[in-house]
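Trainee: Required output: the full structure, derived from the provided sequences and hints.
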Amino acid sequence: MEGKAGNFKVKLRKKPRYIREDKCTGCTVCTEYCPVQYPDEFNQDISNNKAIHIYYSQAIPLITYIDENCLYLKEEKCRICEAVCQNEAIDFNQSEEIMDINVGAVILAPGYEEFDPRLREDFGAGRYENVITSMDYERLTDSTGPYEGHVLRPSDLKPPQKIAWIQCVGSRQVNPEGGNSYCSSVCCTYTQKQVIITKEHNPEAECTVFHNDIRSYGKDFERFYQRAEELPDVRFFRSYVSVTGQDPVTKNIIVKYTTFDEGVKEEEFDLVVLSVGLNPPPNSEGLAQKFGLELNEHGFCKTNPANPVETNRPGFYVSGALQGPLDIPESVVTASSAGSQCGELLNYRRGDLSVERVYPPEKDVSAEEPRIGVFVCHCGANIGRIVDVPSTVDYALTLPDVVYAQEQLFSCATNCAEEITDMIKEKELNRVIVAACSPRTLEMLFRDTLREAGLNQYYYEMANIREHCSWVHPKQKEEADQKAKDILRMAVARARHLEPLEEIDLPVDKRALVVGGGVAGMTCALSIAEHGHHVYLVERDNELGGTARKVHETLEGLDVQAFLKDLIERAYRHPLVHVYTGAEITASAGYIGNFTTTIQSQRGPAEIKHGATVIATGADVYTPTEYLYGEDERVMTHLELEEKIAAGDEAITGAESVAMIQCVGCRNEDRNYCSRICCNESVKNALKLKENNPDMDVYILFRDMRTYGYNEDYYREAAGKGVTFIRYEPEQEPQVEPGKEEGREVLKITLPDYVLQKNMEINADFIALAAAVVPSAGTREVENQFKVGLNPDGFFKEAHVKLRPVEFAAEGVYLCGLAHYPKLISETVSQAYGAAGRVLTLLANDIVTASGAICEVNENKCVSCGACIDACAYGAIEFQETEAGVMAAVNPVLCKGDGLCNAVCPTGAIQLKHFTDEELLSQIDAAVPEKAAAESKGIAI
Amino acid sequence: MCSGRVDIAHLFRAFSNRMDGVFIGGCRLKECNYVTHGNYHALNLVQLSRRIMEHIGLNPDRLSIEFMSSGEGNLFARVVDEFVETIRSAGPIGVSEGINQETLSLNLKAVTKLIPYLRLVESERLRGHFETLDQFKAFYASEEFERLFKDLVADRLAIGQIITLLQEKPLSTGDLSEILGLSPSDISKHLNNTAKQGLVKYQEDEKRFALAGVE
Chain A
1 MEGKAGNFKV KLRKKPRYIR EDKCTGCTVC TEYCPVQYPD EFNQDISNNK
51 AIHIYYSQAI PLITYIDENC LYLKEEKCRI CEAVCQNEAI DFNQSEEIMD
101 INVGAVILAP GYEEFDPRLR EDFGAGRYEN VITSMDYERL TDSTGPYEGH
151 VLRPSDLKPP QKIAWIQCVG SRQVNPEGGN SYCSSVCCTY TQKQVIITKE
201 HNPEAECTVF HNDIRSYGKD FERFYQRAEE LPDVRFFRSY VSVTGQDPVT
251 KNIIVKYTTF DEGVKEEEFD LVVLSVGLNP PPNSEGLAQK FGLELNEHGF
301 CKTNPANPVE TNRPGFYVSG ALQGPLDIPE SVVTASSAGS QCGELLNYRR
351 GDLSVERVYP PEKDVSAEEP RIGVFVCHCG ANIGRIVDVP STVDYALTLP
401 DVVYAQEQLF SCATNCAEEI TDMIKEKELN RVIVAACSPR TLEMLFRDTL
451 REAGLNQYYY EMANIREHCS WVHPKQKEEA DQKAKDILRM AVARARHLEP
501 LEEIDLPVDK RALVVGGGVA GMTCALSIAE HGHHVYLVER DNELGGTARK
551 VHETLEGLDV QAFLKDLIER AYRHPLVHVY TGAEITASAG YIGNFTTTIQ
601 SQRGPAEIKH GATVIATGAD VYTPTEYLYG EDERVMTHLE LEEKIAAGDE
651 AITGAESVAM IQCVGCRNED RNYCSRICCN ESVKNALKLK ENNPDMDVYI
701 LFRDMRTYGY NEDYYREAAG KGVTFIRYEP EQEPQVEPGK EEGREVLKIT
751 LPDYVLQKNM EINADFIALA AAVVPSAGTR EVENQFKVGL NPDGFFKEAH
801 VKLRPVEFAA EGVYLCGLAH YPKLISETVS QAYGAAGRVL TLLANDIVTA
851 SGAICEVNEN KCVSCGACID ACAYGAIEFQ ETEAGVMAAV NPVLCKGDGL
901 CNAVCPTGAI QLKHFTDEEL LSQIDAAVPE KAAAESKGIA I
Chain B
1 MCSGRVDIAH LFRAFSNRMD GVFIGGCRLK ECNYVTHGNY HALNLVQLSR
51 RIMEHIGLNP DRLSIEFMSS GEGNLFARVV DEFVETIRSA GPIGVSEGIN
101 QETLSLNLKA VTKLIPYLRL VESERLRGHF ETLDQFKAFY ASEEFERLFK
151 DLVADRLAIG QIITLLQEKP LSTGDLSEIL GLSPSDISKH LNNTAKQGLV
201 KYQEDEKRFA LAGVE
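Residue numbers (the numbering used here), protein chains in the order written: chain A, 1 to 941; chain B, 1 to 215.
Hints are not guaranteed to be accurate.
Part of the chain B face toward chain A, derived, beta carbon under 7 angstroms [unchecked claim]:
1) Cys2
2) His10
3) Val35
4) Gly38
5) Asn74
Away from chain A, derived, C-beta distances all over 12 angstroms, residues of chain B [what the hints assert, rightly or not]:
6) Asp7
7) Ala77
8) Ile99
9) Asn100
10) Glu124
11) Ser142
12) Ala154
13) Asp186
14) Lys189
15) Leu211
According to the in silico footprint, chain B covers these stretches of chain A (three or more CB under 8 angstroms from chain B) [stated by the list, open to error]:
16) 141–151
17) 674–686
18) 794–804
19) 865–879
20) 891–901
21) 905–912
No lab work stands behind these hints: they were computed from the structure.
Ideal Cβ placement from N, Cα and C applies to all residues, glycine included.
Mentor: Have a look at this one:
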């Protein structure tokens, strides 16, 4: 790689796949015939795979490759795959390719590697068969895994009844055995998921999780933990453990652990799962050297503490676990964030490489009688060897309105698709059915084929005779033959009723509104503005900055006030960022690409038109009612303590003893979530206090220390510097009262000591409460104004926790920062860029296209009952005045085509186009061949 | 199209066509890729429809719903195999339940007529709002649901059946009781109610009920 940001020259080596990518259709006949079996890496080497195979069932592209186990590649033998592939997709002449490409920016997303537990002696990994890793277990529970979702233990392939998980394997440890000092962040929750799945598979299973702290710090994680813990025969047990041996006969595993009341115990389990942590990806050092990147002390990429996607080399960005252990939502956020930052860098060249596709004009055939063309695909041998394709073609020609039918070897191959286009023109077809595979794989392609021929794409129908027929009935040839005809007959019945549908193009207003001027809002606004869009940044307070104004330093030592000052200056200076402070939103209306919001601010009233909206309204800190807060001024919150330390308050820095109490106002019935940042905040304050005065007695009273990720190192440092960590249970919360100790006025804290099994007393000069992060006061208003949702805890609810973490279900509205859930500043920055990335994918377009398959109301039938309005989760239907009175009307932009309204409409007035009752009922009726009504049948749509 | 688009009309059209079984596959509960969670709508629909099937003498196991992801081909194959086995052992619709084809047609016609009403009553009154399958099953097995079902569905269905029968020819309370398998007192109650609404009238001379307006 040579060059610099904006212009890199990259030499890539592409290994041969030995498959012509444009020919392979992913039919996997070759895999079936391949004689070479060897352990399948994707399934953790538990089951076997073939030398030619698809990597896994959702791989992209979903086509095969040949690996080094191939007999031909090793010994020039075999070549069976070549013989069985009917599409001539195998190419053993392929060789390594060197590609020269020119790019402006590089995103590194090599992922992570699991910790290898064989490095440790104490858990029996590699020694005992029935000790496996959590990734092994993950594959075992998967329906595409080694035993099709049946969990079988290695020694005897029997389902284990008694399973133990051991947490923190390879994480949170400092030892010479290759463990990592950091917390891997994801293992607590993935283990809980595995427990829940295990109990779903086998309700009788006994599950035991041996853990250290339970780190359910993510959004909705606390409830997830409770769900797992409350299952019958599930034990969460806090203890260090070791695997001491196995039963020589049963091969059961013996686990040793300690209890408070019964001392050391040994217990047998059928299977032990090691919850292994996350390591840097293999060869991260090589990668770093090649690109001139710095790594941190753990071997992950070193990134900017104020922007975890940015590396030390301009033009290089990190997405996902190369920046450290990350959960899926955070990974997805960093991906979007990296995209946005590349966009900022390369904005001056936006659109240079894009080409517009031009289709021929669409013919209006709506007045014509249906003329259906049927193309029956052999899919190589996939369909053809089970289903009699020629007789299916003959049968098609007997069906009503079918004027043309033919067979094809691979309908999806370029030449066959062209053939369809040609036949549409030649035979004047106005409906097309391809009887082939699942619409999930190829419907889009064939719709495009119709457009190429000047037909409306909604005149296309697919008959799935592969997944629904030949693949599932390989041993019932005759019945499969009949079923293929049934499926085709049903498809024809529906096709006769298909209607041309119009997709609506809506113009996109290129400006954005960002609600909230904290770190999240400002970062997001600046990134959008850097892409050349006007941004209106609206802040309720009289100044920008938000919660970060109260934070002085992060655990890693970032000077937050300097960072914030710079950010605020940039927001004010940027010519495209328009800041409104002291602002209140009075109303907002519209839809994706076209919103109008009115505000009242220090600058007077204003009406803002914008195409996208970002909600970054932040959060508040809980005002405690516990532990004498507000009654005794020696009791303060963690943020107040930080401010006093930063201000050099001598009463604090000179105190003999400071105690911190965690989880105040959260992880309880009122707020059933973890505030995520407080453990980090308290450790940070404790370290500062110790730095100023190493003799001070500092106590942290906690339930679970949740210093996830690298912050575990600071927890360890604090413990090393003499900060005393004492665990308490919510059933026996610490008691605080004013008192005297040797004449000194103190706050006396009483709490149980579980090790000594008696009460202990702490005398503190000051107490800092780790008060919960709570939804911001204006949340409800924002919820109503922008028609977005909240989760049960009152934080804004994203469209999908994992897949769409910074978007709302309401299109064109995005979220970031504390409004989404409590998070650290670095995480907020990442998410703000992530939201900007999603905003930009919208604003980069001149138009948005709404699908044609949406709902429509027949006013003659509507009785204005409103049932459809209640059923619509998108708010796409509302009452409208018409000449005939008030009727339900669908906003085509908001409708997503789920059709829930159809099923509740008493008169059938509302219909989902492309899936109308007429279309579906005709299909249901066609499922019965008149003569065969007496036979046993089921139907499939 | 979401599994929540499946309509009660689709289900009963299939049974009216003498399909022996109907299977609905939906996405996994609580894993909606959108925000609609329409599979819960489908689950409610199936539970109510099964109760109606039971009410008209059909084996409710002829209707089934299962939830799975697109990656779970094996699970799909397994549940379909199980369903096919269930339907095989249940035998042809109506025959194995011991209902004659005429009664079956009558009952399905009555249900079909009631569909616009059922759509409303399902979404307004009978829909359970729960999270887990077990909670749904408990609700649909509860006395509360039975009471609602009787008040909102069963009685109306009986009236529908009576009117369908009377469309053919006038019948006596005894005839109706025999055909529908309901007690004479229940039949009388329904006849009185429908007579009050002016839908049926009593033909004194024949001692039979007939549709109002039909001579």
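Trainee: Hints the structure violates: just list their numbers, smallest first.
Mentor: Hint check: 6, 7, 10 and 17 fail, others pass.
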